[in-house]
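Protein chains in written order, with this note's numbering: chain A, 329 to 621; chain B, 329 to 621.
Be a bit skeptical, because a hint or two may be false.
[Said to hold, decoys possible] What the simulated footprint calls covered on chain A by chain B, stretch by stretch (three residues with Cβ under 8 Å from a Cβ of chain B suffice, anywhere in the stretch; the number is not a length):
{"id": "1", "region": "388–400"}
{"id": "2", "region": "429–437"}
{"id": "3", "region": "441–447"}
{"id": "4", "region": "450–462"}
{"id": "5", "region": "476–490"}
{"id": "6", "region": "518–525"}
{"id": "7", "region": "591–598"}
[As the list claims (entries may be wrong)] Restraint-style ranges between C-beta atoms, simulated for each label pair:
{"id": "8", "chain 1": "B", "residue 1": "493", "chain 2": "A", "residue 2": "457", "range": "21 to 29 Å"}
{"id": "9", "chain 1": "B", "residue 1": "583", "chain 2": "A", "residue 2": "492", "range": "40 to 48 Å"}
{"id": "10", "chain 1": "B", "residue 1": "556", "chain 2": "A", "residue 2": "390", "range": "53 to 61 Å"}
{"id": "11", "chain 1": "B", "residue 1": "490", "chain 2": "A", "residue 2": "583", "range": "47 to 55 Å"}
[Said to hold, decoys possible] Chain B stretches covered by chain A per the calculated footprint, using a threshold of three residues with CB under 8 Å from any CB of chain A:
{"id": "12", "region": "437–445"}
{"id": "13", "region": "601–609"}
For the record, the hints were derived by calculation from the structure and aren't laboratory data. From the three backbone atoms N, C-alpha and C, an ideal C-beta is built for every residue, glycine too.
Number of protein chains: 2
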Amino acid sequence: MGAAGHDWPARIESVLDRALRLPESGSARLREAMRYSVLGGGKRLRPTLVYATGTALGAAPEALDDPAAAVELIHVYSLVHDDLPAMDDDDLRRGRPSCHRAFDEATAILAGDALQALAFELLAAPADPAEATRRLTMARLLAQGIGTAGMAGGQAIDLESVGRQLDLTALQTMHRLKTGALIETSVLMGAAAAGVLEGPTRDALREYGAAIGLAFQIQDDILDVTGTTASIGKVAGADAAHAKPTYTSLMGLDGARAAATAQLARARTAIAPLGAAGAELARIADFVVGRAS
Amino acid sequence: MGAAGHDWPARIESVLDRALRLPESGSARLREAMRYSVLGGGKRLRPTLVYATGTALGAAPEALDDPAAAVELIHVYSLVHDDLPAMDDDDLRRGRPSCHRAFDEATAILAGDALQALAFELLAAPADPAEATRRLTMARLLAQGIGTAGMAGGQAIDLESVGRQLDLTALQTMHRLKTGALIETSVLMGAAAAGVLEGPTRDALREYGAAIGLAFQIQDDILDVTGTTASIGKVAGADAAHAKPTYTSLMGLDGARAAATAQLARARTAIAPLGAAGAELARIADFVVGRAS
Chain A
329 MGAAGHDWPA RIESVLDRAL RLPESGSARL REAMRYSVLG GGKRLRPTLV
379 YATGTALGAA PEALDDPAAA VELIHVYSLV HDDLPAMDDD DLRRGRPSCH
429 RAFDEATAIL AGDALQALAF ELLAAPADPA EATRRLTMAR LLAQGIGTAG
479 MAGGQAIDLE SVGRQLDLTA LQTMHRLKTG ALIETSVLMG AAAAGVLEGP
529 TRDALREYGA AIGLAFQIQD DILDVTGTTA SIGKVAGADA AHAKPTYTSL
579 MGLDGARAAA TAQLARARTA IAPLGAAGAE LARIADFVVG RAS
Chain B
329 MGAAGHDWPA RIESVLDRAL RLPESGSARL REAMRYSVLG GGKRLRPTLV
379 YATGTALGAA PEALDDPAAA VELIHVYSLV HDDLPAMDDD DLRRGRPSCH
429 RAFDEATAIL AGDALQALAF ELLAAPADPA EATRRLTMAR LLAQGIGTAG
479 MAGGQAIDLE SVGRQLDLTA LQTMHRLKTG ALIETSVLMG AAAAGVLEGP
529 TRDALREYGA AIGLAFQIQD DILDVTGTTA SIGKVAGADA AHAKPTYTSL
579 MGLDGARAAA TAQLARARTA IAPLGAAGAE LARIADFVVG RAS
């Protein structure tokens, strides 16, 4: 997914590994559960978006390490909690036992909680006054993106909708919050790290983020139907088994594919004004829709 | 607990009520579970510490509302998660059904998650550059105080220790992280809001916070033995029922009382250099050891 010369997934792996070398205080088992859940897997889409957006706007990769790690820690915490028996009850994640299966439920709850805290700790690292405002902005974007009007709110709607009929608008709202908000936030945090806090470029990037967030979820629903457990690293067919409303159940497979392609076009149009600087973001959009896992 | 002219518990109630008037996006049930868990109960010790420390050092109450609300939101999130069946499995909290009993487990997990996010959202509110550094410092203190080397780490040790023999040193370490860290953090955040980020006054306040954090936990253990379910608002005798190590089980009731009194003296000595400005902090220390609920 990296541009020529960039290997963001490799970079974020080493940044995350460093961030998870935690002080030897408290519970070794808790720290181990966090490392188990974060390291060694995942597409790293959200940190890649932070790096790609930030560098497109002139930020140095070093200025993007903390926000990139923060969005991935948040993403992983949400997976750990979503997999819990009281939530989606998934035994498999990224091709391995989910956190509460590898450890236990209490440890998984605490690991998620501590990963959220660690994300904000990274963003709140000491900074000179000019940088403090950018870091504070990033923390605000992240907190808003994952709270009641974002990720947590979307997951709550998702749970409430199991076994019910959702129409396309309600499904879209749910996904915009549950998955879209953190993807859009990752793009906006990359922009904030580059000092782009408002204006037309930020608005174009928000539109791009919204489009790929939606495309990502549609493709996820498609893969749940067309993929195998081995290829997608989680239990295939789980949505149908849980009677969850999906894009494929509402629009059919071809309809869902057409919708994903439409969002890809929307994403590319949004970043057209960036010109050559937006090339990597365009490639990421292609990847989101073209991915097989 | 307020000083003459201050009613911090009333102030924080209204600040929390305002903070929990959340945008009508996402799940109404989730927002309701958050309001249910936060409003209408609790001693509000941690926000009171923020206000008392901050005003002792010259901060205006308005500058303390966000950090005061943030520490209480975090405290409540930790109670909601600790009460879950996979953790301490408590049905009663603040004299009412705990969150997962009043709602359901999934909602309780998400409510805790969203309360943590909301705490950081409040701290990361837009600020002028000078204030941005203070807010970033407060966010860092909070994140450190509740992660693996703080609250979450302590809760993990607590769960691992059920049914085991802990010696007094291990018990002390567990409580220093589980309960003490957030109490100490509340004091330090009040100081940070007043611009006191380092130096002897901050060190004295950290010592004060550590002492009352410990005293608070010892008193909690005493009340679990001497109180009734009605008086303490949670199930009395729960520690013994869960075979949890406590100060009273290790030191006896008189020994625990002596230890609480010793921590009270330590707290008062630490803030003696503040003189009259420290009067409210001294009263809070008295309250922590003298409380019956």
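Is the listed coverage of the region 601–609 of chain B by chain A valid when you require three or more residues with a beta carbon under 8 Å from a beta carbon of that chain?
Check failed, 0 qualifying residues.
Claimed coverage, the region 388–400 of chain A by chain B - three or more beta carbons nearer than 8 Å
violated (count 0)
Three residues minimum, CB to CB under 8 Å: does the region 518–525 of chain A make the cut for coverage by chain B? Let me know.
The restraint on the region 518–525 of chain A is violated, since only 0 of its residues have a Cβ under 8 Å from chain B and three are required.
Take the region 476–490 of chain A, compare each residue's beta carbon with every beta carbon of chain B, and decide whether three or more fall closer than 8 Å.
The restraint on the region 476–490 of chain A holds, since 11 of its residues have a Cβ under 8 Å from chain B and three suffice.
Holds or violated: the region 591–598 of chain A covered by chain B, criterion of 3 or more residues with Cβ-Cβ distance under 8 Å?
violated (count 0)
With a C-beta cutoff of 8 Å, work out whether three or more residues of the region 450–462 of chain A approach chain B closely enough for the coverage to hold.
Per the Cβ count (9), the hint holds.
Range first: 40 to 48 Å. Now tell me if the beta carbons of residue 583 (chain B) and residue 492 (chain A) are that far apart.
Since the Cβ atoms of residue 583 (chain B) and residue 492 (chain A) sit about 57 Å apart, the hinted range of 40 to 48 Å is violated.
Please check whether residue 493 (chain B) and residue 457 (chain A) have a Cβ separation lying inside 21 to 29 Å.
Given range 21 to 29 Å: violated, Cβ gap about 51 Å.
In terms of beta carbon proximity below 8 Å, does the region 437–445 of chain B have 3 or more residues touching chain A?
Result for this restraint: holds, n = 7.
Mind taking a look at whether chain B covers the region 429–437 of chain A? Criterion is 3 or more residues with CB to CB distance under 8 Å.
holds (count 5)
Look at the Cβ atoms of residue 490 (chain B) and residue 583 (chain A) and judge whether their distance stays inside 47 to 55 Å.
Given about 52 Å between the Cβ atoms, the range holds.
53 to 61 Å as the expected CB spacing between residue 390 (chain A) and residue 556 (chain B), which holds or is violated:
holds, 58 Å
Of the numbered hints listed earlier, those contradicted by the structure are 1, 6, 7, 8, 9 and 13.
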